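**Q** Here is what each chain is made of, one letter per residue.
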Amino acid sequence: MDQALFQYVLRLGDDGLILGQRLSEWTGHAPSVEVDLSLANMALDLIGQATHFLHYAGQIEGQGRDGDALAFRRDVMDFGNCVLVEQPNGDFAQTMARQFLFSTWQKMLLERLIGSKDELIASVAAKSVKEVTYHQELSEEWVVRLGDGTAESHRRMAAGLDWMWRFIPELFEMDSVGEEMLARGIGADPASFRADYDRKLLAVLDQATLEAPKDQRPILGGRRGHHSEHLGHLLCAMQFLPRTYPDAKW
Amino acid sequence: MVAVPALDIADRLWSVLADVPDPEIPVVSVVDLGIVREVDADGGRVVITPTYTGCPATLVIERDIRSALDKAGFEGFRIETTLSPPWTTDWISEEGKRKLRAYGIAPPRPAGERQVECPQCGSTDTVEISRFGSTPCKALWRCRSCAEPFDLFKCH
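Taken in sequence, the protein lines are chains G and F.
Read left to right, the first sequence gives residues 7 to 256 (this note's numbering).
Read left to right, the second sequence gives residues 750 to 905 (this note's numbering).
Worth double-checking, as some hints may not be accurate.
If the Cβ cut is set under 8 Å, some of the chain G residues that face chain F in the computed set are [unchecked claim]:
| hint | residue |
| --- | --- |
| 1 | S44 |
| 2 | N47 |
| 3 | L50 |
| 4 | D51 |
| 5 | I53 |
| 6 | G54 |
| 7 | V130 |
| 8 | A132 |
| 9 | K133 |
| 10 | E137 |
| 11 | Y140 |
In case anyone wonders, no lab produced these hints; they're calculated from the structure.
Keep in mind the model is a prediction, meaning the values are calculated, not measured.
The beta-carbon is built from N, C-alpha and C at its ideal position, and this holds for glycine as well.
Take the sequences, apply the hints, and build the full model.
**A** Laid out in structure tokens, this is it:
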């Protein structure tokens with residue numbers, strides 16, 4: 007088995023799956039019906055992308071596991087998503103902070119993966135980048151609207167960013183899997199867009215009349231399966247049905 | 750039995766597929782929307798492409814195409830899915846766009862076009878309510894002339 011490719015594709019899939027599951031927790035609870043629709047649609051896009059990546063990961067592995075098996079029958083240490091996406095929704099501002107930091111990064115990553123030598127990664131990236139552009143614009147608009155809104159919305163937006171800020175360094179971390187994928191022309195080098203990412207964040211925060219949070223101790227480890235306590239709780243909800251009734255048919 | 754030329758089979762297949770409605774916007778067919786990429790009569794396959802990666806209609810569409818093919822006697826034909834080149838709203842036919850408008854959904858704008866025409870009254874004095882609508886492919890708009898809300902098929 008191509009271990010590095012399997013891990014790389016699994017990480018791409020897990021980011022989408024876990025954030026999609028998180029966003030779907032908002033369904034029926036969002037501040038307005040339009041926002042409710044937006045969050046559910048973003049969840050749908052992300053889970054759709056994850057479906058393609060996880061099915062592909064199953065094929066690479068060659069052990070008969072499909073995307074569903076990888077989503078529902080792995081335990082927490084086997085997930086390779088970044089720690090940012092598993093963070094709790096908190097209030098709406100905290101959710102938008104997470105979305106803004108992630109979608110801005112994901113869009114830049116996918117733009118580069120369109121040129122991947124791996125045909126499936128390239129085609130899913132080309133398809134997904136159009137959806138993620140919407141996610142990025144929507145979350146950016148909300149960061150500005152809440153930041154430059156009332157004293158209360160400003161305070162909440164600042165607190166949301168403060169919660170999420172320490173998970174940014176992991177997005178740009180490289181390890182042996184990333185290095186190998188880069189060398190083989192399959193993966194992208196996140197360092198190549200770090201400066202663009204920082205510039206974008208600061209420009210939006212400035213427009214939102216927000217200060218960038220002070221640098222915090224970075225939280226790393228999600229790619230290696232070292233997650234925050236929140237992921238286990240998320241999986242309990244997401245995996246409940248297939249764990250309780252294995253092989254249940256709809 | 751006389752062998753039927755492949756060309757005639759392809760024509761028949763296209764007409765069978767042209768009668769398969771989109772499950773969420775039933776006035777347009779899967780052919781109008783550009784979901785059917787290729788009909789390969791010799792190879793015994795029909796190639797389709799998803800519109801949005803997470804669109805839940807994708808599975809229903811495949812099932813509907815399967816049953817239409819079976820009913821028309823094409824049980825032996827396989828359905829294959831391709832992601833590349835990715836689907837865009839440019840794949841929607843002119844006929845498809847006309848049907849969308851008549852149904853009350855503003856068709857996707859051509860590249861560079863900012864204005865959105867209200868499908869009810871034709872006014873261009875319109876405003877976006879929500880970038881995400883009732884399905885992944887639509888945004889919610891409102892007309893300031895006739896005050897009616899309407900769906901816009903997102904340019905994608």
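**Q** A separate judgement is required for each hint: does it hold in the structure or not?
**A** Comparing the hints with the structure gives:
1. S44: holds, 4 Å
2. N47: This hint holds: G:N47 lies near chain F, its Cβ roughly 4 Å from the closest one there, short of 8 Å.
3. L50: Holds, about 4 Å.
4. D51: OK, holds: G:D51 within 8 Å of chain F, min 5 Å.
5. I53: holds, 5 Å
6. G54: The hint holds - G:G54 has a Cβ within 8 Å of chain F, the shortest such distance being about 2 Å.
7. V130: holds, 6 Å
8. A132: holds, 5 Å
9. K133: holds, 4 Å
10. E137: Status holds, d = 7 Å.
11. Y140: holds, 6 Å
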